[in-house]
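Chain by chain, the residues run as shown.
There are 2 protein chains.
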Amino acid sequence: MATKYYDAQTLSFYLKTINNLNDVLNLPYYQEHDMEGLDMFVQSVNDFADKELFPYFQEMDEQACHFKDGKIIVHPQVETMMRKGGELGIISASVPFDKGGLQMPLMVYTAATFILDAANNHMPGYAGLTLGAADLILNFGSEELIQKYTPKMLSGEWAGTMCLTEPQAGSSLSDITSSATPNDDGTYAIKGQKIFISGGDHEYLDNFVHLVIARVDGAPAGTKGISLFVVPKKRISDNGSLSSNDVITAGDFQKLGQRGYCTTHLIFGENDGCKGWMVGSENKGLKYMFLMMNAARIAVGRGAAGIVSAGYHASLEYAIDRKQGRRLNNEGKKNVEQDQTNITNHPDVRRMLMHQKVISEGSLNLILLTSKYADLATVSLSTEEKEKYQLLLELLTPITKTYPSEMGMQAISNGLQVLGGYGFCSEYILQQYYRDIRIFSIYEGTTGIQSLDLLGRKILMQNGAALNYLMGEITATIKSAYSHESLHTYCKKLEDKLGLATKVITHLSAFAQKGEYLKYTADANLFMEFFSHILIGWIWLDTAGKALTEKSSGNTQYSAQFLDNKVELMKFFYKYELSKTTSLSESLMNVEEVTLPEGTFQF
Amino acid sequence: MATKYYDAQTLSFYLKTINNLNDVLNLPYYQEHDMEGLDMFVQSVNDFADKELFPYFQEMDEQACHFKDGKIIVHPQVETMMRKGGELGIISASVPFDKGGLQMPLMVYTAATFILDAANNHMPGYAGLTLGAADLILNFGSEELIQKYTPKMLSGEWAGTMCLTEPQAGSSLSDITSSATPNDDGTYAIKGQKIFISGGDHEYLDNFVHLVIARVDGAPAGTKGISLFVVPKKRISDNGSLSSNDVITAGDFQKLGQRGYCTTHLIFGENDGCKGWMVGSENKGLKYMFLMMNAARIAVGRGAAGIVSAGYHASLEYAIDRKQGRRLNNEGKKNVEQDQTNITNHPDVRRMLMHQKVISEGSLNLILLTSKYADLATVSLSTEEKEKYQLLLELLTPITKTYPSEMGMQAISNGLQVLGGYGFCSEYILQQYYRDIRIFSIYEGTTGIQSLDLLGRKILMQNGAALNYLMGEITATIKSAYSHESLHTYCKKLEDKLGLATKVITHLSAFAQKGEYLKYTADANLFMEFFSHILIGWIWLDTAGKALTEKSSGNTQYSAQFLDNKVELMKFFYKYELSKTTSLSESLMNVEEVTLPEGTFQF
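Quick note, the sequences are listed as chains A and B, same order.
Letter by letter, the first sequence follows residues 0 to 602 in numbering that gives the first Met the number 0.
Letter by letter, the second sequence follows residues 0 to 602 in numbering that gives the first Met the number 0.
Quick caveat, the hints were computed from the structure, so don't treat them as lab data.
Bear in mind that the values here come from a model prediction, so they are computed numbers and not experimental data.
Check the hints yourself; a few may be wrong.
Said to hold, decoys possible - 20 Å max Cα-Cα, derived PhoX-like pairs, lysine-lysine: (1) A:Lys-332 with B:Lys-286; (2) B:Lys-333 with A:Lys-518; (3) B:Lys-332 with A:Lys-223; (4) B:Lys-579 with A:Lys-579; (5) A:Lys-70 with A:Lys-83; (6) B:Lys-332 with A:Lys-283; (7) B:Lys-550 with A:Lys-333; (8) B:Lys-223 with A:Lys-333; (9) A:Lys-333 with B:Lys-579; (10) B:Lys-333 with A:Lys-283; (11) B:Lys-332 with A:Lys-513; (12) B:Lys-333 with A:Lys-332; (13) B:Lys-513 with A:Lys-332; (14) A:Lys-286 with B:Lys-333; (15) A:Lys-579 with B:Lys-502; (16) A:Lys-332 with B:Lys-518; (17) A:Lys-332 with B:Lys-502.
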């Protein structure tokens, strides 16, 4: 097992130097916090991860969650995650003071939970979904619901879940059939089945607060007839005692990865004894749920970024110890009299390691940037700023979910490949990361769904307002990077790519304008890859520029090698990754329609 | 579990119509065979796979091979694979009559074993390595070794293995340390450890014939001092009785996938009682071993192609049954009053399914083509032809190993994605294919090693003679495809790509000419991806052209839809896959050196 799963200085660099946490921290909303206090919080999370998460990572895979005698058996360390993590503030960090939280910037919450994800990605979800569920109640629930449920959720004594998926509906939430029938006492009788409920049940906590979407009898078809309910596993009497609420645990899905994170099948109201309390107004449930869903999407990107970080460190630790083969001399021959060379001296191995590092840091940078937008959208001083950052947040959310997940799979696969045959062996950890990360492009809306969201909704929204803001941000970065002579080539490249993006968007939009939506979105998945690579090209240029500025500043916080590496990683990204957009634009502007169901091809 | 793992008509199409098995069958060497007889052989292998391999696929994963009390425990069906498979001719099919085989074309052997790979990739290796080991003895061993070992190997009563890898050496065979000390009786005392020995031991066969590379005492350093030995698990007395040869089974590696295919750790001569018999001449061992290795590399490509085929069928079977979501109307809205649509009507799902199909068929086509070259290199009538096809075989071997393995991972990942959350669940089979296929880019020389072989050796060999032959073949295909009006666009595209290939090779060769081999090969991996995509672009154009010819021929062997689909798959390949070569060429000709160990970047 590797010994390191993230680099604290790298995290701090992207949090403070690149994404300038101070921009957020200086806002009045965060006046109770200072950098020192936040550093201490992150350090305490680091210590918690070192002690309580990382050592159990392999064990949680081997002792997978499972269903036995009507119960879900999970690793006992899940209790520590919830209770000690709750005490530490892992659940409540970003929640406002007046709602029982620590009112920290989301940027800091993201940085802290990234550490947890990197340490052991099977665990943070238990806490993360509890926060998400509590957030929904805090934002849209009645005072009674808030008082009854959220204190014990934020402290980690009770868990929360989000219950959307049903067997017949999958990603198509229009088609859920779980029902809610009004009772005389203002509650609803809930009936239905939910599957793939992460963290949905186990024996270590007293209650599970399920946030369930269902249809009130007679509600309109589709997403306009969906309401949201708090459905606890156990009802709470006025004196605080708990009693069954007819929520039955029917099974635990056995999975390729994340085996320590249970995935339950729940049945609500099989004995007609399940009560739900409506959150907010009738038929507005999906809108509310998207508050949680959008946060969850950023959390998915964060989780993938964490795994890539851990995979990189495990792969690097192997590589720096491993000698094999020899370098070629000028005749293209090897000198077998020499000792074997370290494998990090083989360009192909370097490429695979640098690929992991460039994906890892690009993903980390992206999740922090998006978290910053979320902070600014909430607590900026002017409405104008709030609107701007809200649009940027909405545009970046599907990318923040997808890029680390999709590229992370490639990075981890490279990580495994660095170990050769050992990479395929269970005693090395890369194969576990390889299995774990595969779910991230499926969670909370698959890459296909995210891509439709990006191209079909976010690019077009408010006549391209979000896109315009983004172009403004990118242009500002390019302008600033031009102040470094050595970056001119890359500034020019990124400008070219912006031109290419405009060309592609113009080409595709023509279909939307003609009402040919199927054609417009047919290659949304490729557009996601295309657009996100340009976006990441932007943040790498920003990183390289700031690294050079930092280097010439005379500060000694970071070593020259640390800063030089950032510039080299940017170059790596431009040579091997940003270059992919040329081919992607070719495919996107190729008018041949081969994937439309009306085409000649038939299965 | 899916019900289908390959399509017999598709296999027949690529074997006969596209790669024209008759070209080979008409050669005098194969005069004892006719199409009808070979069809019967393939059908019998199909029946064997249906009955004895496919039903055990999931079970062999769940009941993984393991080491217990000094023994390797494998699934009992392994015995059936070897003994019944041996009777059926699965091991001996391609071996000459006079060496105890059935003297079938390698093309037919490849087609037949592709079926086995698709049915259950955990099993064919047991037989395949036995053939490889027998082949080495038959080609280079003494008459005594041949008589003693090969009959029982070809019949499947004894197994064979290839023992190359040692813990300290990995891919660097220069650095093996296993030793061979001459005994007075002409044998050698063998001492050393070998790891990752596939099919290295189990209880169902009486003997294991290990083909071991080792150094005779005092041999030169490096690969020039490697000799090859037959080292049986049990020695054979003159009366045929078996006794221990001091080959100890020390363990079985537990793995991410192919868990039913044991991967053993063997110790030779720990008690100084291990005898080996030299094959051929001293210090020529590695040269001999490459006969087996090259065949094994084609077999790896074939195995990956088989998995992709099976994954595609499993993914398609799910998709054609699954309804979810709705199509967008001209306002970009969904009509929730309609029933849900089949997911094969979503362009993104179609794209993922077609991607699997295009990789599956392209890989199948490639392994059959390479097998044809191998046949023609061996039994063509003229020396000139033999030389030509030998060069083509050598050029294509690393690609045939790599393309199905690397692209197969992407195809299977798409296959899993088609199932959404279910794809991640153990009860669906895609997750097993996802794990199994991960080893193929590592087996028998990683993708990195294959890429160095392609760019560093094969492209340059005999002043580019192999490349010239290949260009000749491609040009002939383009000329022939120009006879179809509807293919002109694609002929032109492929011509452009040939020009691009020449440009890239010229650019890179300049480094080799200057003796800068590290720079020449630094991006060999990208070159592999670039070059193999153009190669597959060629065979898709060939396929489309022949499909159109077949369609207009009036034959009714294939339906019009079957043939139309081939043209559409070619278009798919050109739009989504061949297009990738633009970006790859950009990266390959980008002179920025970011992965050289002397660069600025340091880990």
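Can you list which hints this structure breaks, lowest number first? 5, 7, 9, 12 and 17
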